[in-house]
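K.L.:
Each chain, written out:
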Amino acid sequence: GESVGLHLPTLSVQEGDNSIINCAYSNSASDYFIWYKQESGKGPQFIIDIRSNMDKRQGQRVTVLLNKTVKHLSLQIAATQPGDSAVYFCAENIGGYQKVTFGTGTKLQVIP
Amino acid sequence: DTAVSQTPKYLVTQMGNDKSIKCEQNLGHDTMYWYKQDSKKFLKIMFSYNNKELIINETVPNRFSPKSPDKAHLNLHINSLELGDSAVYFCASSQVRNSYNEQFFGPGTRLTVL
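One line per chain: the protein sequences are A and B, in this order. As numbered in this note's numbering, residues 1 to 112 make up the first sequence, in order. As numbered in this note's numbering, residues 1001 to 1114 make up the second sequence, in order.
Extracted from the complex, chain A is given alone in its bound form:
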């Protein structure tokens, strides 16, 4: 359902520090996970993905960690920059099926 009554979690980070954004996913059958970044006034944009047969995947300045035991996903951003300020969503998918379920999102504020 809708997130009525829920506020958008906010993470404030100093420029240059590392950021860690956490996400708990709901379906133990999910086998594909994606992180999206949504800047103000824009649509979500793909950052990085990971399949359930991996527990870590690295991209440029970003790392995704997956812990299937506790159904937890995290996004680490190294040397956070002002351009990283956005809302970040984790999303889960059961492979071969079109439906992707999004988490509630975390707002990242980078303090210059």
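Some hints here could point you the wrong way.
To be verified - The calculated DSS-like cross-link candidates involving lysine-lysine, where the alpha carbons are at most 25 Å apart (straight line), are:
hint	chain 1	residue 1	chain 2	residue 2
1	A	56	A	71
2	B	1019	A	42
3	B	1041	B	1019
4	B	1036	B	1067
5	A	107	B	1022
6	A	42	B	1022
7	B	1040	B	1019
8	B	1067	B	1022
9	A	71	B	1052
10	B	1044	A	71
11	A	68	B	1052
12	B	1044	A	68
13	A	107	B	1040
14	A	71	A	42
15	B	1067	B	1044
16	B	1052	A	99
17	A	56	A	68
18	B	1052	B	1040
19	B	1040	A	42
20	B	1071	B	1040
21	B	1009	A	56
22	A	68	B	1036
23	A	107	B	1019
24	B	1009	A	42
No lab work stands behind these hints, which were simulated from the structure alone.
Please build the complex by placing chain B on the supplied structure of chain A, with the hints as guidance.
P.N.:
Showing chain B alone in chain A's frame:
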């Protein structure tokens, strides 16, 4: 070239009116989606079409009717608009393959119902 485009970007209308939002993707993807994002930024899938065929319909009121004339287009028509329909609507497309489903989103349509 914009990969997924939506029109209009802003839509302000009165309660009870009927309106449409258009979406086009030039990525050659087979699957297209409509999402609704509320004021708390919660992103919820509404519909999905695969090769012009409806495959996901997430208990959306039947005032909302998607139409896919071809696999590059997915339009959303809304009848008898209500205050609670005010939100940002995002179109997306993807090519599901080998269990990967990276979705590409349009810029969104901000609908305000007065």
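K.L.:
Under the constraints set out in the numbered hints, which ones does this structure not fulfil?
P.N.:
5, 9, 11, 14, 18, 20, 21, 22 and 23
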